[in-house]
Amino acid sequence: MRSSQADNGRPDEHRPPVAEAEAVGKTFGRTRVLDDVSLSVLPGECHALVGRNGAGKSTLVGILTGLLRPDGGTIKLQGEEPPGPGDRAAWQRLVACVYQRSMVIPSLTVAENVFLNRAESRIVAWRAIRREARQVMRDWGFDLDVDALAAELSVEQRQIVEIARALSVGARFLILDEPTAALEASAVERLFGHVRRLKESGVGILYISHHLEEIYEICERATVLRDGKHILTAPVSELDHEQLVTAMVGAALARAERAESSATAEPGRPRLTVSGLSASSSLGSVEDLSFDVHVGECLGLFGLRGSGAATVADAVVGLVRPAAGTILLDGEPLPHGSVSASLERGVGYVPEDRHARGFVPTMGVRENLTLTILERLSRFGIVSSAHAASAAAGLSRRLQIVASSDQQPVSELSGGNQQKVVVGRALAPQPSLLVVVSPTVGVDVASKEALLGVVDEARAAGMAVLLVSDDLDELRICTRVLVVRRGRIVREVRESPWDRHELIAAAEGLEAVA
Amino acid sequence: METAIGHPESERRPARRVLLGSLRELSLLPAIVVVFIVGYNSSPAFFTTANLSNTAQASAALGMVVVAETLVLLTANLDLSLQSIFGFAPAVGAWLVVDKGGHGLGTQWSPWLGIAIVLTVGAVIGLFNGVMIVKLRFNGFIFTLALLISLAGLQQGLASDQSLYNMPETFIYLGNAYWLGFPVSGWVTLAVFLVVGLFLRYHRAGRGVYAIGGNLEAARAAGIKVDRVRIGVFCVAGLLAAIGGLMTAGQVATITANQGNNLIFQVFAAAVIGGIALEGGRGRMVGAFTGVVLLGLVQNVLVLRNTSTYWIDFAYGSIILLALGLQRISSAIRA
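These protein sequence lines map, in sequence, to chains B and Y.
Reminder that position 274 of the first sequence reads as 274 in the numbering used here, one-by-one numbering, no gaps.
Reminder that position 134 of the second sequence reads as 134 in the numbering used here, one-by-one numbering, no gaps.
In isolation and in its complexed conformation, chain Y is listed as follows (with noise of 0.2 Å):
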């Protein structure tokens, strides 16, 4: 227990706990560089700017329902309707956009509108969502299980199992459009990134956040309204997916009637091995920041490398319990 016991004089944090803190949130560094290397060497095109710019147009989406789940793990909750939100809520939107055209409703709304509502739409179902489990206590897992299956049929069945195309400039702006160079939905996703970590950091309700997934009764002893909280964090969760959505219906200019299928395994593969725990209360954005860089390049190299893409799930299986096996030896070690 050497470590609980300082000196009050130092007014210092002492740097080898700085550096001890943020190496654990870093530690995938070196798994990101040996991808980088195996990248480099397995293919010409992988180190182009071209190449790069479209990892991260790829990664964004996935990078926005990440930051949303992980709000979600740090309260320790779990929802697992936001890969649904991440369908429904765009197409939604889409629908009251495109024209008949396009299969859409044939109503050709303006594409602001449309996007005002891809992003009340995900909200809301964030909302109920957060109500049904915090307020009358059902169970998240099943509840959101629930919705992720019913979501999926109704937007298969609105859609009627077609594809929504011929959307506006400015609905898939955000996702195929580029700033400096770089894909736009990539700022926006790091931007999200960074505030989301601020947040957590430097404000009340998000260190609320982590009191809340530490120890619930703790928490409300110490006056945080936690209710209010857990709920905000679900309905912040919704509209993050819906955004994400967003980012992958522009970047392909088409909403398929199953967008989102699959994408919450990669979401949570990318939270747990950016060292977010499951039972809440521990991890940091920085840390889900480079779980996404990793699985997003892993994906990438296997591409290029002509990998089938069953190859690239049990990749990600394999990384997942690669990551879960460190952490379980690190924690054992520090404990």
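Only chain B is shown next, with the shape it has when bound in the complex (with noise of 0.2 Å):
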């Protein structure tokens, strides 16, 4: 099974690549997400696709797996054309993808998740299934056992799964969509273990992940998608960190302008102080951490997704309980795990998912934005609709919020405008402090303007913003920008303009080796 040629580790260049793209495209709606992109992946290499979230890896990825299909170009698997696109088993023994998402079955064992719905009769063979499975975990060097339950699985035994499913379908060419994502640090190592056995056996591998580090570690080469075009492909020993990340960020937005020239940092008292901060949920964990946010500042705190940066906002605002540490507003606790208590305390919030925590789809956009403030409006537990409407307007003007009416439902506007009403759902009571998370993650231009004028004016006129982003663009209404890194402070920046290239480099681990 393995092969001979490839032992050290090299990509073997005299056999056809495992996956090839040529000049593909692909548009949805008016988006034209890839433009002519080419690809190779060739036997026992690792090859990096990198790009910044929306630069179309994504697509690509569901192009080479057969789940997409090109508009133009060609791509070819083992150096024949691909199956058709509802031959799911032909593809699967061609590329085998593990996605960040989990795509191993809870309820079902170890064995059968790897096996299934492989057996070649229609009769499932128990014994043979289970024994071809240890096999398989054997000839690959994991130790997992195959008679245990998925749920009781830890993400990196649970990936495990998934790549020994890959393997033992006999796919030769594999995608790795952030593996490490969810990973702690001997995880990760044990990983690269296994990708270099993959490699030496003559496997390739598409290797996708925001940690620049790790593709200097194990890739060979790599490839540099940005605003879905290709924009390089190169050896990465002739590849410096400065060139990588210029060819994803763009080199003409290098450097970031602040809006306003007004927002030097003006250290007031510290209306919000975390302290020993330790606390972990679904979006990343953070040991020890420790800032201060100043009244009139807007502090950033940088970091990719995974990172902890967005685990911070949510221990604010008391959705997340922390494991130790201290959170003092205007020097006073705040309460530990309670959302409401937060609130009343005087903090906004703006939380990332706004679909899921934001709005009430249903409701108005009148409702919507007085929902904080219903106590106020009201006499008597009735609410009085003629505050709430001027209460509305008010926010409606401020945020230039475009709607037919201040009746009509949230689900009826377009992003923009649902993410400005769950900004001025945040303002409406005045907060003492704001928290923000990725405020215009997927909203049109003019909105973005809208949403972060609003955000700096409350600002200006004495707010204290905590603002989690992993959006440059976002950043620029900072006064100050900390910059997270699986779980830690890496960096403080404190001078605007802030150098796109210093914080990418910081926040995708690039410091050390640069």
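By construction, these hints were calculated from the structure, which means they are not laboratory data.
Even for Gly, the Cβ is constructed at its ideal location relative to N, Cα and C.
Misleading hints may appear alongside valid ones.
What the hints assert, rightly or not - Ranges of calculated distance between the beta carbons of each label pair, as one might list FRET restraints:
id : chain 1 : residue 1 : chain 2 : residue 2 : range
1  : B       : Ser-338   : Y       : Lys-135   : 43 to 49 Å
2  : B       : His-355   : Y       : Gln-162   : 42 to 48 Å
3  : B       : Arg-131   : Y       : Phe-36    : 27 to 33 Å
4  : B       : Phe-192   : Y       : Phe-36    : 55 to 61 Å
5  : B       : Glu-449   : Y       : Gly-317   : 45 to 51 Å
6  : B       : Val-383   : Y       : Leu-324   : 55 to 61 Å
7  : Y       : Lys-225   : B       : Val-339   : 42 to 48 Å
8  : Y       : Tyr-202   : B       : Val-339   : 47 to 53 Å
9  : B       : Arg-138   : Y       : Trp-311   : 56 to 62 Å
10 : Y       : Phe-36    : B       : Ala-324   : 50 to 56 Å
11 : Y       : Leu-324   : B       : Trp-126   : 28 to 34 Å
12 : Y       : Tyr-40    : B       : Glu-152   : 38 to 44 Å
Quick one: dock chain against chain with the hints and give me the complex.
Here it is in structure tokens:
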């Protein structure tokens, strides 16, 4: 099974690529998400696919796994035309993908997950399945009990199940989509061990990761996408960090200018004091984190997804109960783990996932905007509709919300206007601290300007703002930026304009090697 | 996580896990034993062949519908209309078979044809449910609820609210004959539990049922024909419910205009206390079977003690709540 030619782990250039994309393109609606992108993965090669969110990586993966059909261009797997779109079994023999979200079925055992729907006959031979699953584990050096229920496995072990499934089908092309996002350091090392073994046996790997230092560790070549376009493909040994980051971000945009010059940090008294915070959530975990946010300051927490930056916001507003540390608002501790108590103390909150937590889609604009201040608008529990209307009108004007009336259900509004409603709702009670997580994800440019403008105004008027983001554009309203990586603050930047390279390099962990 | 790391060399499944796995399925056994003891002590009529085989006969029809509902639940769907299929399908068959004196249509078709029609009606309604819910994405709860109500109304309307009787021997054979001193319906239901249980365990499509209920997208990605399996399960469920209805019709030699009324509550009760997860993907036929046995025995004991039907309903409800509580506790301990 293992090829002798590729024993030293070098890509094998004499055999056809395990996967090849030639000038592929894809359009969704009016958006050209992938435009003339070419890429090839050689046997025994680990090929990095790099790009910021929205660069087109997922679309390319969809095309290479047969889940999406390209509008233009061709792909080849093992040097041959790909199977028809309906023939999943044939696709699975050629390419396997370990997705960010787990495709393991929790109620089945490891062995069954590995051989799911692959029995030769209609009757499932349990003995054979367990024996073969055990054989796969032994062949590839995975230490996993095949009789364990998948629900009882750790994230790392589930990934191994998925990799084992791919290998047992005989796929020679493996896509790993941010495999380390949820792994701890030692698990990452073990995963790299597996990747190296796979390379030695001639499997070609397409490796997607936001952690650029990983790419230098295990990949031979890297392809960078930006805005759906192919920017470069080069051996990682010939690509320095500066070049890689520039390719991802774009040279022209490398420096972010602050919109308003008035926003130099003028440290007042601390409104929010976080010290020794340790907490973990599905968004990542942080350890022993400390920082202040002052009156009239907008502090940016910049970190990749999973870095833990978003967990800090959740801990401050009380969605996550911290394991250790204190959170003080104006010197008084904020109650742990209670959102309503935090909001009562004057914390405003703009959650990241507006659809899940931001608004009630079936309710109108006015009702959503005034949801946080109903008490103020009502007497003896009866809400005054005149007061509510005028409060909502003021907020709508400030945020330039476009709606047919203040009764229009928020679900009917555009993404940008929905987000304005969410921000308006947070601002309505005039909080002393505003916690904002990625406020402009998925909104149009005009709304983005309006949203950032409103937050900046609120700050200038004396509010303290904590802005958590992985979008450099949003950071331009910040007066100070902390970079969070793997649960720790790795850098503090005080002078705007921010150097994008510096921030990205810190967030992606390139500093140590750069 | 010590359970997950094992020795790849050991070819045999760790005995401890086999034991734990089947223990979870048999968690109702103690309760069944308790009911048995209570029954034995409360009436001399309880532990007699006649009573126990009557209980089996009465539970057989319920068991068929529980198998049907369990299949649907495992794919993370649900089907309330099974109770109406349970009444409607045999009624249509009997209507065409029975003479005018027994409130039939007077066509007096062959009872074999009648039985074929009963099965076809059940399967077709199930198929209809499946297509509407899986392909056209109707909400399963509301859709099957609507069907439950309308089919029940249709049955009463067609029968002018009168019972069907004078059914020929062949038509009621399944419900009232005995083999080796045990009711035929009991044998059939046992066989169906066994066959479906083995199918779920050993057949590709059976494993597909679990995969679909566990994670639909992952099942799709594994190449399982998810829509076909989900629709097929509805179709089989309709068929099984129709057979269950035929059993009840035969047992009492009558089809009342409201046969099957309120049956669905017992069906869910048996499935849930038998460990079938309502969110899909978890639970086994063995468990569902113990659920049916427990409910059947409880009902029998309460009837023997001359308890009024209200209290029987109360007992059912309490048993469900108790079972849910125990499941919550056991899953909390495992997590």
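Taking 45 to 51 Å as the hint, is the beta-carbon distance of Glu-449 of chain B and Gly-317 of chain Y inside that range?
Violated: the Cβ-Cβ distance is about 59 Å, outside 45 to 51 Å.
Could one say that the CB atoms of Lys-225 of chain Y and Val-339 of chain B fall in the range 42 to 48 Å?
44 Å Cβ-Cβ, so the 42 to 48 Å window holds.
Within 27 to 33 Å: is that where the Cβ-Cβ distance between Arg-131 of chain B and Phe-36 of chain Y falls?
Given about 41 Å between the Cβ atoms, the range is violated.
Phe-36 of chain Y paired with Ala-324 of chain B, Cβ distance criterion 50 to 56 Å:
54 Å, holds
Between Ser-338 of chain B and Lys-135 of chain Y, does the beta-carbon spacing fit 43 to 49 Å?
45 Å, holds
Confirm or reject the claim that Tyr-40 of chain Y and Glu-152 of chain B have a C-beta distance inside 38 to 44 Å.
41 Å, holds
Tell me if the beta carbons of Phe-192 of chain B and Phe-36 of chain Y are separated by a distance inside 55 to 61 Å.
59 Å, holds
Just tell me: holds or violated, for the beta carbon distance of Val-383 of chain B and Leu-324 of chain Y against 55 to 61 Å?
The hinted range 55 to 61 Å is violated for Val-383 of chain B and Leu-324 of chain Y, with Cβ atoms some 38 Å apart.
Mind checking the hinted window 47 to 53 Å against the Cβ distance between Tyr-202 of chain Y and Val-339 of chain B?
49 Å, holds
CB-CB spacing for Trp-126 of chain B and Leu-324 of chain Y relative to the 28 to 34 Å hint
31 Å, holds
Take a look at whether the Cβ-Cβ distance between Arg-138 of chain B and Trp-311 of chain Y falls inside 56 to 62 Å.
59 Å, holds
Given the hint of 42 to 48 Å, is the C-beta distance from His-355 of chain B to Gln-162 of chain Y inside that range or not?
Roughly 54 Å apart at Cβ, these two residues miss the hinted range, so it is violated.
Of the numbered hints given earlier, the model fails hints 2, 3, 5 and 6; all others are met.
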